[in-house]
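Participant: Protein chains in written order, with the working numbering: chain A, 1 to 192; chain B, 1 to 103; chain C, 1 to 92.
Treat the hints as calculated values from the structure; they're not laboratory data.
There could be a bad hint or two in this list.
Unchecked claim - Chain B stretches covered by chain A per the calculated footprint, using a threshold of three residues with CB under 8 angstroms from any CB of chain A: (1) 49-61; (2) 78-86.
Stated by the list, open to error - Some chain A residues close to chain B (C-beta under 8 angstroms, calculated; not the full set): (3) Leu27; (4) Leu29; (5) Thr33; (6) Val95; (7) Ala102; (8) Glu113; (9) Pro114; (10) Ala118; (11) Thr137; (12) Ile143.
All C-beta atoms, glycine included, are put in the ideal place defined by N, C-alpha and C.
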Amino acid sequence: MNTTSAGKTKTKRYSYFKHFSTLFLILFLFWTTLSGKLDVKHLTIGAVTSLVVVWVTLSLLRLPSGENKDEYYLAFDIPIRRLLAYVPWLIWEVVKANVHVALIVLNPKMPIEPKVFAFKKKMDSPIAHVFLANSITLTPGTITVDLQDNVYIVHALDEDAEKALTPDEGEGIMPEKVARLFQENEVEGRGD
Amino acid sequence: MKYLALLFLLGGFFFTFVAALGVIRFPDFYTRMHASGKGDTLGVALSIIGLIFYLAIEDGFTFTSVKLLFIVVFIFLANPIGTHAICRAAYRCGLKPWTRGGE
Amino acid sequence: MDFTYVFMALIIGLAVIAVLMLYRVLHGPTVFDRLNGLAVIGTDAILLLVLLGVLSGRVDMFVDVAIAYSILGFISMVIFAKYLEGKGDADV
Numbered sequence: 001m002n003t004t005s006a007g008k009t010k011t012k013r014y015s016y017f018k019h020f021s022t023l024f025l026i027l028f029l030f031w032t033t034l035s036g037k038l039d040v041k042h043l044t045i046g047a048v049t050s051l052v053v054v055w056v057t058l059s060l061l062r063l064p065s066g067e068n069k070d071e072y073y074l075a076f077d078i079p080i081r082r083l084l085a086y087v088p089w090l091i092w093e094v095v096k097a098n099v100h101v102a103l104i105v106l107n108p109k110m111p112i113e114p115k116v117f118a119f120k121k122k123m124d125s126p127i128a129h130v131f132l133a134n135s136i137t138l139t140p141g142t143i144t145v146d147l148q149d150n151v152y153i154v155h156a157l158d159e160d161a162e163k164a165l166t167p168d169e170g171e172g173i174m175p176e177k178v179a180r181l182f183q184e185n186e187v188e189g190r191g192d
Numbered sequence: 001m002k003y004l005a006l007l008f009l010l011g012g013f014f015f016t017f018v019a020a021l022g023v024i025r026f027p028d029f030y031t032r033m034h035a036s037g038k039g040d041t042l043g044v045a046l047s048i049i050g051l052i053f054y055l056a057i058e059d060g061f062t063f064t065s066v067k068l069l070f071i072v073v074f075i076f077l078a079n080p081i082g083t084h085a086i087c088r089a090a091y092r093c094g095l096k097p098w099t100r101g102g103e
Numbered sequence: 001m002d003f004t005y006v007f008m009a010l011i012i013g014l015a016v017i018a019v020l021m022l023y024r025v026l027h028g029p030t031v032f033d034r035l036n037g038l039a040v041i042g043t044d045a046i047l048l049l050v051l052l053g054v055l056s057g058r059v060d061m062f063v064d065v066a067i068a069y070s071i072l073g074f075i076s077m078v079i080f081a082k083y084l085e086g087k088g089d090a091d092v
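Chain A on its own, in the form it takes in the complex:
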């Protein structure tokens, strides 16, 4: 009992330190890119500024997990290697979406059948929700209107767009891909 609680506080502190240093590194890299100078004066000013900014904003950027309020996610905590596989697919979908919208706009009859529908996708990490909502907005015929308690309210231009996101059986390609990007399916299966 004693050891587990001690271990828990230890991991909590460790996660705070990890988030602090990650955010600091990101901001410092950003500073270096923007200033474009690599001498001691600019790097020192950058380090001090990044430290102050991290100190002020870290409590805003640590988002509590949906399941366990004691655990936190950092807002920049994105699995970069799996993201590299996801982004080309997303860009292709965005191009398809734009051609779709362009065809509708340039068609004088304007073939749309708008409707609003809701679907549920349970995910723990708030960053995964941000990614899924953004991806829905960018892909053919759908925009996210509201998101609360894992329920998405989506506005679709026509029937095909709705069926692409929520088919009659199973779940759509995109929610599954985003869940795999953040490994949310495995978290549910493990059950701890």
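We have chain A; now place chains B and C onto it with these hints.
Facilitator: Using the frame of chain A, we list chains B and C on its own:
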């Protein structure tokens, strides 16, 4: 490289223009958000990538290119969030979506 | 091939888009449509700034302005949306 830059610039401008046309032509608020949310994001991003190619003809890949790339990534993240924020405000204020059947 | 004319044509085209959006901003019908028009103008202004920078040969300076403008535009849109959400009135 030159022609690639030209292709990206003109393609980006085409999508931006279609987005503007869509905002004028679509019948109600939510459908207009479709046009502006998608068309603007890809249009501006494509044009800026075209500019990166154009700048790379003379100078190569510099800090300016990195900054332009940062603008592209930021637009891809921020534009859908802005769209979503305005849409949610309209939805929670009770704005009804347009349907083909009428009221 | 001279890119100067391409850039000038793009700048004029973006100005035309801004005027089209001004119709949406002035005409309404709801306050959210006006906000949407402003958002489109803001996003296109980023591209306009960078194009002006390339045309005048000072991209390195104009890019910083464009970054600041994009961040400010995004934040002001979100704040406007939050403010209108609290009012709870669709027919403004």
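Participant: Now, for every hint given, state plainly whether the structure supports it.
Facilitator: Against the structure, the hints:
Three residues within the 8 angstroms Cβ limit are the bar, and the stretch 49-61 of chain B against chain A gives 0, so the coverage statement is violated. Look at the stretch 78-86 of chain B against chain A: 4 of its residues bring a Cβ nearer than 8 angstroms to a Cβ of that chain, three or more, so the hint holds. Taking 8 angstroms as the C-beta cut-off, the interface hint given for Leu27(A) is violated, the closest approach to chain B being about 13 angstroms. A distance limit of 8 angstroms between C-beta atoms decides the matter here; for Leu29(A) the minimum to chain B is near 11 angstroms, and the interface restraint is violated.
Of the supplied interface hints, the one on Thr33(A) holds, with its beta-carbon coming within about 5 angstroms of a beta-carbon of chain B, less than 8 angstroms. A least Cβ separation of about 7 angstroms between Val95(A) and chain B falls short of the 8 angstroms threshold, and the interface hint therefore holds. Of the supplied interface hints, the one on Ala102(A) holds, with its beta-carbon coming within about 4 angstroms of a beta-carbon of chain B, less than 8 angstroms. Here the hint on Glu113(A) is kept, as its CB sits about 6 angstroms from the closest CB of chain B, short of 8 angstroms.
For Pro114(A), the suggested interface contact is upheld, since its CB lies about 6 angstroms from the closest CB of chain B, less than 8 angstroms. Look at Ala118(A): its Cβ only gets to about 12 angstroms from chain B, farther than 8 angstroms, so that hint breaks. The beta carbon of Thr137(A) comes within 4 angstroms of a beta carbon in chain B, closer than 8 angstroms, and the hint placing it at the interface holds. The beta carbon of Ile143(A) comes within 6 angstroms of a beta carbon in chain B, closer than 8 angstroms, and the hint placing it at the interface holds.
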